[in-house]
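Going down the list, the protein sequences come from chains A and B. With the numbering used here applied, the first sequence closes on residue 148, and no number is skipped along the way. With the numbering used here applied, the second sequence closes on residue 369, and no number is skipped along the way.
Note that these hints are calculated values from the structure, not bench results. Just so you know, not all the hints are guaranteed correct.
Below, computed lysine-lysine pairings styled on DSS-like, alpha-carbon distance capped at 27 Å [as the list claims (entries may be wrong)]:
hint	chain 1	residue 1	chain 2	residue 2
1	A	Lys37	A	Lys131
2	B	Lys363	A	Lys106
3	A	Lys131	B	Lys7
4	B	Lys3	A	Lys123
5	A	Lys67	B	Lys361
6	A	Lys147	A	Lys105
7	A	Lys111	B	Lys12
8	A	Lys111	A	Lys146
9	A	Lys131	B	Lys3
One-sided excerpt, in silico: chain A residues whose CB lies under 7 Å from chain B [stated by the list, open to error]:
hint	residue
10	Ile20
11	Pro52
12	Cys53
13	Gly55
14	Met56
15	Ile57
16	Ala70
17	Gln79
18	Ile80
19	Gly81
20	Tyr85
21	Arg86
22	Glu87
23	Met91
24	Pro121
25	Arg125
Since this is a predicted model, take the numbers as computed values, not measurements. Every residue gets a Cβ at the ideal spot worked out from N, C-alpha and C, and that includes glycine.
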Amino acid sequence: MAEERTVITLICERAADINSLINDKSEVTDAPGVKVLKFPCSGMIQPLMVEQAMKSGAAGVIVCGCQIGDCYYREGNKMIRERLLGERPPGLKKTVDRKRVLALWLSKPQKDRFLSEAKEFLSVVRRLDIEESKKG
Amino acid sequence: MEKSNMFHTLFLVPEKLINKIVTSKYNPLYYHGALPQFIMYVLFLSGLLLFAYYVPTVDNAYFSKNLINAFTSVDYITNSIPFGAVVRAIHRYAGDAMVIAILLHMVRVWFTDRFRQYRWVQWLSGVVLLLMVMFIGQTGYYLIWDERSLLLTRMTVSALESLPGIGEHLKHWFLNGRNITNLTLSNYLFIHIGLSFSLLFALWIHYVRMTRPVITPPPALNYLLVALILLAVYVFPITETKMADLNLQPTNMEIDWFFLWPYWLLSAVGSGGFWFWMVVLLAVLCLIPLPMFYGSKPVEAAEVVTNKCTGCRLCSLDCPYQAIEMVPAPAGSRFKLLATVKSYRCSSCGVCVGACAFDAIDLPEMPDAQVNLKIKELLEAK
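My request is simple: use the sequences and hints to build the entire structure.
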C-alpha cells in the first residue's frame, strides 16, 4: 500500500481562525496529514502554487478564503474562486485532478467547520490514493 | 480585544445567521456600501415626482383661499394627487433609511478595520458624504414650510449669526437676503437639489481608488428594502401640520432623530456649545484614520520583478485598489508594457501575485519562491 500522503492547506489568515487547531509543525493536530500555509489574502494564491504542491507530492490541496462577499481586501476570495473554476486568467491547469482540490469559504469563527471538512477531504483523497494504486 | 468581542456580537452573530438563511449572496451586511447608493436612486426618483408639483414660495403677503405657496403645494401633493401622500412618505422614509444605511456602513467599516492606511481617501470622502446627506435631509424639512420649517429656519439663522465675523454673511446666504422671503425657499430648493446631485461627484471620489466598487445590491435586496420603506409609509403616514406663519413664533416641534438631532443639541446647549460639539465631532471623524492610533506597521508594497514582467496587464486589472499602472516598457525590452506599483495605494494583499502567471510580482514579506519552498518543506517533513 502506498504511504499516506499529505494534504496542503493554503489559507487566508483572515478566514477561519485555525491557529488553535495547528501544532508547531503547521500540522492540524486533530487531522494529522493536513498541513497549513497562511497567506495575507486568499487572492494571493496562484493556481501555479496548487499545481506545484501536487507535483511535489501532495495528495490534495485545500484552498480556504473568507466568505464570498466579505474579503478584507475586497475581492481576493472571488478571484481565486474564479481562477480555480477557470473563469479568470491565470486558471488552474486541466491536468490537475479536480477531485483533489477543495475550496472552502469560511469566516473567522468557523474553525469547527474547517476541521470537519478537512478530515472528510483527507479521507476522500486517501481513498483515491488507494484506488489509484490498485489500478496500478 | 474589546473591539473584536463587540464586533463578534454586533456583526458576526447576525452575519452567520443571515448567511444560513439566505446564503452569503443575499446577505445585506455584505452590501452595506451599496445600500445607500440604491436608496439614493429611490430618493432621486421620488424627489423628481415631488419636484413636479412643488412651488418654492412663501407668499403669505396676501392670505387668500387660493394661496399658492410651498406649504399648500405640499398639501396639494399629499391630498389631491393620486398616491401623492405615498410618494411624499417614501421620500421621507427613504431619507431616514439612507441615514441608517450610511451609519451601518460606517460602523461596519470601522469594526472590520477597513478605513485606514490605503483607504483613507474613502473614509474622508465618506465623512463629507455624510455631512452632505445630513444637510440635504435638513433642507428637505425646511422645504415643507410648516411651523417646524419656520422654527428650524430661525434656529439655523441664530446658530449662523453666532459665528464671529462670517455669521452675518452666512445668514444672508442662507436666507438669500436679509429676511425670509420667496427667495429663501428657492435657495432651500437649490441647496436641496443641487447638493443631491453633488453627491454623485463626491461618490466618484469615494470610489475612485477602488476597482469594481460594489454599488448595486442584488435586486432581491432592493425589493426587500422598498417593501420595508412602503411598510413604514403605511404604518406611519405623514401627519398633517400647520402652515408657517411669520408673525408667530413656534417653540415646539417633532424631531426626526435621523436628521434633526443637531437642532436638539442646539436647543440644549446653545449656539456656542453647538458649534463646539460639531467641530469636535467632525475632528474626531476626520482623525479616526490617522495611523498613529493603531501602531500598525506600514504597508510593504508589492514589487515588480522587472526582467520577468511580460506586460500582460492581468495584475493591473485585478488589483482592487488601482495601485498598479502599466507604463511603456524601457527601451530594449521584449515587451511593450511594464507593470509599476503605486506604493501609496498598495494594500499588500497579494492579489497581483495570484494574478501573475510569470512570478513577476512579489510581496517583499512573502516572495513566490519562498512559498513554493515552504510547500515543499511541509510535504517533506514527516
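Do the hints match the structure? See the list:
Using a Cα cut-off of 27 Å, the hinted pair Lys37 (chain A) and Lys131 (chain A) holds, with the two alpha carbons roughly 18 Å apart. For a cut-off of 27 Å, the pair hint linking Lys363 (chain B) to Lys106 (chain A) stands: about 22 Å separates their Cα positions. Of the pairs offered as hints, the one joining Lys131 (chain A) and Lys7 (chain B) holds, with about 22 Å between alpha carbons and a cut-off of 27 Å not exceeded. For the hint linking Lys3 (chain B) to Lys123 (chain A), the alpha-carbon distance of about 13 Å falls within 27 Å, and the restraint holds.
Note on Lys67 (chain A) and Lys361 (chain B): the hinted pairing holds, with a Cα-Cα distance of about 14 Å set against a maximum of 27 Å. For the proposed pair Lys147 (chain A) and Lys105 (chain A), the alpha carbon gap of about 24 Å is at most 27 Å, so the pair holds. For the hint pairing Lys111 (chain A) with Lys12 (chain B), the CA-to-CA distance comes to about 25 Å; that is within 27 Å, so the pair holds. Restraint check: the Cα-Cα separation between Lys111 (chain A) and Lys146 (chain A) comes to about 18 Å, which is no more than 27 Å; the hinted pair holds.
The suggested pairing of Lys131 (chain A) with Lys3 (chain B) holds, with an alpha-carbon distance near 23 Å, which does not exceed 27 Å. Taken as an interface hint, Ile20 (chain A) checks out: its beta carbon lies about 6 Å from the nearest beta carbon of chain B, inside 7 Å. Hint status for Pro52 (chain A): holds, given a least beta-carbon distance of 5 Å to chain B, under 7 Å. About 4 Å separates the beta-carbon of Cys53 (chain A) from the nearest beta-carbon of chain B, less than 7 Å, and the hint is met.
Residue-level restraint check for Gly55 (chain A) holds (minimum Cβ-Cβ distance to chain B is 4 Å; threshold 7 Å). Interface restraint check: Met56 (chain A) against chain B, minimum CB-CB distance 3 Å, threshold 7 Å, status holds. Of the supplied interface hints, the one on Ile57 (chain A) holds, with its beta-carbon coming within about 6 Å of a beta-carbon of chain B, less than 7 Å. Taking 7 Å as the C-beta cut-off, the interface hint given for Ala70 (chain A) holds, the closest approach to chain B being about 6 Å.
A least Cβ separation of about 5 Å between Gln79 (chain A) and chain B falls short of the 7 Å threshold, and the interface hint therefore holds. With a cut of 7 Å, the hint placing Ile80 (chain A) at the interface with chain B holds, because the nearest CB-to-CB distance is about 5 Å. Here the hint on Gly81 (chain A) is kept, as its CB sits about 4 Å from the closest CB of chain B, short of 7 Å. At about 4 Å, the closest approach between the beta carbon of Tyr85 (chain A) and any beta carbon in chain B falls short of 7 Å, and the interface hint on this residue holds.
Interface hint at Arg86 (chain A): satisfied, since its Cβ lies 4 Å from the closest Cβ of chain B, which is below the 7 Å cut-off. At its closest, the beta carbon of Glu87 (chain A) sits 5 Å from a beta carbon of chain B; the interface hint therefore holds under the 7 Å criterion. Checking Met91 (chain A) against chain B: minimum C-beta separation of about 6 Å stays under 7 Å; hint holds. The interface hint given for Pro121 (chain A) holds, since its Cβ lies 6 Å from the closest Cβ of chain B, which is under the 7 Å cut-off.
Annotation: interface hint on Arg125 (chain A) violated; nearest CB of chain B at approximately 11 Å, more than 7 Å.
Going down the numbered hints, you'll see the structure goes against just number 25.
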